[in-house]
Amino acid sequence: MVYHPSGIFSWDRVFKPSIMQRVLTFLGLKIDAIVIFVNYLQFAVTILLLLPYLPLAWLTRFVLGDPAVQKLNRVFGWVWLACFGVYRRRWRHPELDRDEPCLFMAEHFNLIDIPLYATTWYGDTRALSAREYKRVPMYGWVIATAGTLFIERRDRTQAIADLHALRDRMQNTGINGLVVPTGTRALDAQLPPFKRGVFYSAVELKKPIVPLYLIGLEHLVVGKYHCKPGRVDVVYGEPIRPEEHPGAFESVDALQALVHERMATEGRMLRLRRDELIAGRLAPVRT
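Counting with the numbering used here, you get residues 334 to 620 for the letters of the sequence shown.
Check each hint, because a few of them may be wrong.
Unchecked claim - Simulated restraints on C-beta separations: (1) 467 to 586: 41 to 49 Å; (2) 378 to 404: 21 to 29 Å; (3) 506 to 470: 28 to 36 Å; (4) 598 to 396: 28 to 36 Å; (5) 498 to 474: 26 to 34 Å; (6) 498 to 389: 21 to 29 Å; (7) 587 to 456: 25 to 33 Å; (8) 367 to 404: 18 to 26 Å; (9) 377 to 576: 46 to 54 Å; (10) 586 to 518: 20 to 28 Å.
Read the hints as simulated data drawn from the structure, not as lab findings. C-beta: ideal position from N, C-alpha, C; glycine also.
With the hints as extra help, turn the sequences into a complete structure.
Structure representation (structure tokens):
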């Protein structure tokens, strides 16, 4: 299966991250402590560059609405990725219809996921994020301006209500939704077990489920917040459609098992045959 390149913009067309990667690696970025130290400097630069962004985003939302803010948020994502020396390519399965409302189910490694998704997703999309991220200075404020919905993971009753809010928004407005079915970040390329809650909403929605993979990021992350420079392939996988799996979309357990099996199998294949399936130019820095 060939995954087609998609999109007209990528950081590797603007600057040479390979040079940045080699210089930083020469300075010792295979040592996690140095990665963390440099990341704090990179984060400070990101904040300084984006200080004018927040009032502009709120003004844009007030005048033009959420979809315009999402386009503006791509700038936020590109600046974030550039400051950390991370560049990406977007790839899509040939059966993916970019105009069809769907529910994206995404891999999650650390906070660098957010700008990777924000600069690649299709159409008007609302992500579901943990409520504690809303309180993170600058980061939480920015994702809130784009209409991100937040879920309270520590309160089951509130979490169910938050999932219903996303479901209702998708049903009433035809937007896309983006969720992390694991409910937490992965420590490596092995796909953790899924939480059941989001699949109740998926069964009720009866919309195609599109897996999202971050191929190569597993070699770059250092802990929950830190990241080495390198390349990530953001891959929109084969859609799982209700008409093709009618039985699964009637059962929470069956749909959960189907999606987990598909994402584990497809993700493993993409990682093992990365250069064959999704063309690459520069191998990621490995620990």
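Results for each hint:
1. 467 to 586: 41 to 49 Å: For residue 467 and residue 586 the Cβ distance comes to about 31 Å; the hint is violated.
2. 378 to 404: 21 to 29 Å: Once the Cβ atoms are compared, 23 Å apart, the range 21 to 29 Å for residue 404 and residue 378 holds.
3. 506 to 470: 28 to 36 Å: holds (30 Å)
4. 598 to 396: 28 to 36 Å: violated (45 Å)
5. 498 to 474: 26 to 34 Å: Violated - the Cβ-Cβ distance for residue 498 and residue 474, about 20 Å, lies outside 26 to 34 Å.
6. 498 to 389: 21 to 29 Å: holds (27 Å)
7. 587 to 456: 25 to 33 Å: Because 28 Å falls inside the window, the suggested range holds.
8. 367 to 404: 18 to 26 Å: violated (36 Å)
9. 377 to 576: 46 to 54 Å: holds (50 Å)
10. 586 to 518: 20 to 28 Å: holds (24 Å)
Hints 1, 4, 5, 8, counting from the list given before, are not met by this structure.
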